[in-house]
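Q: Starting from the given sequences, assemble the full structure and let the hints guide the process.
Chains L and E, in that order, give the protein sequences.
Residue numbers are given in numbering that gives the first Met the number 0: position 245 of the first sequence equals residue 244, and the series is strictly consecutive.
Residue numbers are given in numbering that gives the first Met the number 0: position 330 of the second sequence equals residue 329, and the series is strictly consecutive.
Worth double-checking, as some hints may not be accurate.
The calculated lysine to aspartate or glutamate pairs, modelled on EDC-like cross-linking and capped at a C-alpha distance of 20 angstroms, are [stated by the list, open to error]:
#1 L:LYS1 <-> E:GLU272
#2 L:LYS298 <-> L:GLU131
#3 E:LYS37 <-> E:ASP152
#4 E:LYS264 <-> L:ASP4
#5 L:LYS21 <-> L:GLU52
#6 E:LYS264 <-> L:GLU5
#7 L:LYS272 <-> L:ASP294
#8 L:LYS105 <-> E:ASP152
#9 L:LYS1 <-> E:ASP277
#10 L:LYS211 <-> L:GLU182
#11 E:LYS264 <-> E:GLU245
#12 E:LYS144 <-> E:ASP69
It is worth saying that the hints were derived from the structure and are not from the lab.
Model, not experiment: these values are computed from the prediction.
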Amino acid sequence: MKYLDEFRNPEVAHQILEQIRKTVTRPWVIMEICGGQTHSIIRNGIDQLLPPEITLVHGPGCPVCVTPLEIIDQAIAIASQPNVIFTSFGDMLRVPGSYKDLLKVKSEGFDVRTVYSPLEAVDLARNNPDKEVVFLAVGFETTAPGNAMAIHQAAKENLTNFSELVSHVLVPPAMEALLSSPENRVQGYLAAGHVCAVMGWWEYEPIAEKYKVPIVPTGFEPVDILEGLLIIIQQLEAGKHEVINQYLRAVTREGNQPAQNLISEIFEITDRKWRGIGTIPASGFQIRPKYAAFDASLKFSVGDIQTNESPDCISGIILQGLKKPTECVAFGTTCTPAHPLGATMVSSEGACAAYHQYQRLRMPVS
Amino acid sequence: MSSEFMPVLSCPIPKTDYDTIQMAHGAGGRLSAELINKFFLPHFGNPVLNKLDDQAVLDLPAGRLAISTDSFVVDPLFFPGGNIGDLAINGTVNDVAMSGATPLYLTAAFVIEEGLPLETLLAVILAMAEAAKNAGVTIVTGDTKVVNRGQCDKLFITTTGIGIVPPSLQISAGNLKPGDKVILSGTIADHGMAILTTRKGLSFKSHVASDTAPLNGLVAAMLAVTSEIHALRDPTRGGVAMTLNEFATNSNVGILIHESRVPVKPSVQGACEVLGIDPLLVANEGKLVAIVPAEQADRVLRAMQNHPLGGDSVILGEVTAENPGLVVMRTRLGTHRIVDTPLGEQLPRIC
Chain L
0 MKYLDEFRNP
10 EVAHQILEQI
20 RKTVTRPWVI
30 MEICGGQTHS
40 IIRNGIDQLL
50 PPEITLVHGP
60 GCPVCVTPLE
70 IIDQAIAIAS
80 QPNVIFTSFG
90 DMLRVPGSYK
100 DLLKVKSEGF
110 DVRTVYSPLE
120 AVDLARNNPD
130 KEVVFLAVGF
140 ETTAPGNAMA
150 IHQAAKENLT
160 NFSELVSHVL
170 VPPAMEALLS
180 SPENRVQGYL
190 AAGHVCAVMG
200 WWEYEPIAEK
210 YKVPIVPTGF
220 EPVDILEGLL
230 IIIQQLEAGK
240 HEVINQYLRA
250 VTREGNQPAQ
260 NLISEIFEIT
270 DRKWRGIGTI
280 PASGFQIRPK
290 YAAFDASLKF
300 SVGDIQTNES
310 PDCISGIILQ
320 GLKKPTECVA
330 FGTTCTPAHP
340 LGATMVSSEG
350 ACAAYHQYQR
360 LRMPVS
Chain E
0 MSSEFMPVLS
10 CPIPKTDYDT
20 IQMAHGAGGR
30 LSAELINKFF
40 LPHFGNPVLN
50 KLDDQAVLDL
60 PAGRLAISTD
70 SFVVDPLFFP
80 GGNIGDLAIN
90 GTVNDVAMSG
100 ATPLYLTAAF
110 VIEEGLPLET
120 LLAVILAMAE
130 AAKNAGVTIV
140 TGDTKVVNRG
150 QCDKLFITTT
160 GIGIVPPSLQ
170 ISAGNLKPGD
180 KVILSGTIAD
190 HGMAILTTRK
200 GLSFKSHVAS
210 DTAPLNGLVA
220 AMLAVTSEIH
230 ALRDPTRGGV
240 AMTLNEFATN
250 SNVGILIHES
260 RVPVKPSVQG
270 ACEVLGIDPL
280 LVANEGKLVA
290 IVPAEQADRV
300 LRAMQNHPLG
310 GDSVILGEVT
320 AENPGLVVMR
330 TRLGTHRIVD
340 TPLGEQLPRI
350 C
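A: Below is the structure:
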């Protein structure tokens, strides 16, 4: 399959690995921001192939993982109301709230549905004018255009029975928050290729300059990731800190302008709480006042919710790259994908779930 | 709904007072009799069923009896490559055949939602009759019930199959031995992706069709070259990953498979990539996984490849003493990872 097979080619991957081995002389800690890349790294065992000098740490780029508990609890409260059709991407249904998850709400007889696109939720609103249709709009810059488009479409059709519960997060402020932390170990970033496909990579240039870290927008296949790592390691070894784009087939410096225009028409930047990490200034989107009619957090009175986080879950530390999932005492014992304590064990993009699914044992490379 | 995949009827709809199912069709009176006599018997009819007794009385050959039952609730009823009727026959035939048995007889029970078009029911009946003929089995008894609108979704079918196991065979998921080979009979994930891409809401164009097929002929071809087959299973819900994990657990052995050998059609792979789904976890309805001693593997593989339903058969991997209870994949990069059981359904009601 074009654009996939060549980026999964084992010969090319091993040639790049050889270049990495020849280039590296010292220990380096590199973070992949995006949970999709974490999944690909663990699934393909890329971490097993790297020379021992290279430590990969896994970043907070899993939207399911960083959606704050308050939002999950609000979603559960809204979904538990009669006359509501509550819609969401599939993974969010299994994220534990303080006391239950959305699947439990569904089994209690409420109308909770998985959709593949927020526009499906708009279709539902059009076809069920006597119901309130709510979409749980989470994610990074990647899902923002689709979620903005849904509100744009609903507004155009005057579908006042459609609304979104928004918990959008942004990558660059999170990268800065991690870099400015006294505990920071990260010396270079693989940036998320699909985020950059929407937003471009110009926003990373001041971060690379300020914190002296190389940043490389990178794709998701093994060859992409290895090439991204090579570009970072070459820079680290040479004392450079530039933004260099690996994901040439999808990403430009300026990004997708129509998508950005749509986002800024519907959303504005706000402070946002990240589950396990805390509030990061100017790190999220919220619906602009002009579109307040489509804001589920205003339409439904669900503000006053007391959350209850599991004390055994260290997902915040995992999401900051300070510990590996296997260093958590609950990993694989009291916390499993079937009974997750925290969101990092739920989504396939969560580091804990990826380790549990693919690498519970350390296995040989042959 | 799925009417675009409903086949053109090969016979006219019998004349009745109604064109949809009424509650009275399940009430045991005149309409019930009409449904049986005009719709079911002309297509399923055989000397045992035609007696219309409350039970089938069968003369069976000597040997051990294999029996299996399965309910079919697939949504949509018609999809590319098949329909609920094909699944109801082939699914149960395959479950019986995975013991090495020759499937002989089926029972069929129908739960029908009030309001189902009789044309739809007839299309399913015709598909079942054709599938039963292809599989060489006879439907010997059955039942129909009608429920109020909204109490089931259009049509649910339960079939039970029986067959006779030849005396020498000991085929079971608990029989795997280290050194055995794992053989897969062809491309994976066709059925599950056909259902998924047909579902309302997933409107992208694809050329993916269900692989629903009766596997008893393929099993017979394999048994013709050796009776030394340790385990057989058709990897339906949960896909090949689920079947291999069940084998590894039941036999307390490890299984090593090779990523480069996993056969997936490009169209199916494309649909899986778009939706972020691992084809190893997706249902099949016309494939089998066989565990065979290494010294028999090549002969069995050739017999499978010479059968119309096994042309793409491959040796996927081998049974190991290491990692008991786990399935491990050697990736194209030469690394290893666990192939886990799927946590839940990728999608409900796929069969």
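Q: Look at each hint and say if it fits the structure.
A: To see whether the hints hold, each was checked on the structure:
1. L:LYS1 <-> E:GLU272: Answer holds: L:LYS1 to E:GLU272 is near 12 angstroms, not above 20 angstroms.
2. L:LYS298 <-> L:GLU131: holds (10 angstroms)
3. E:LYS37 <-> E:ASP152: Given that 20 angstroms is the threshold and the Cα spacing comes to 24 angstroms, the pair is violated.
4. E:LYS264 <-> L:ASP4: Within the cut-off at roughly 14 angstroms; holds.
5. L:LYS21 <-> L:GLU52: Roughly 12 angstroms between the alpha carbons, so the hint for L:LYS21 and L:GLU52 holds.
6. E:LYS264 <-> L:GLU5: The hint holds at about 17 angstroms.
7. L:LYS272 <-> L:ASP294: holds (18 angstroms)
8. L:LYS105 <-> E:ASP152: holds (18 angstroms)
9. L:LYS1 <-> E:ASP277: holds (19 angstroms)
10. L:LYS211 <-> L:GLU182: Holds: L:LYS211 and L:GLU182 sit about 16 angstroms apart, inside 20 angstroms.
11. E:LYS264 <-> E:GLU245: violated (25 angstroms)
12. E:LYS144 <-> E:ASP69: Holds. E:LYS144 to E:ASP69 sits at ~17 angstroms (cutoff 20 angstroms).
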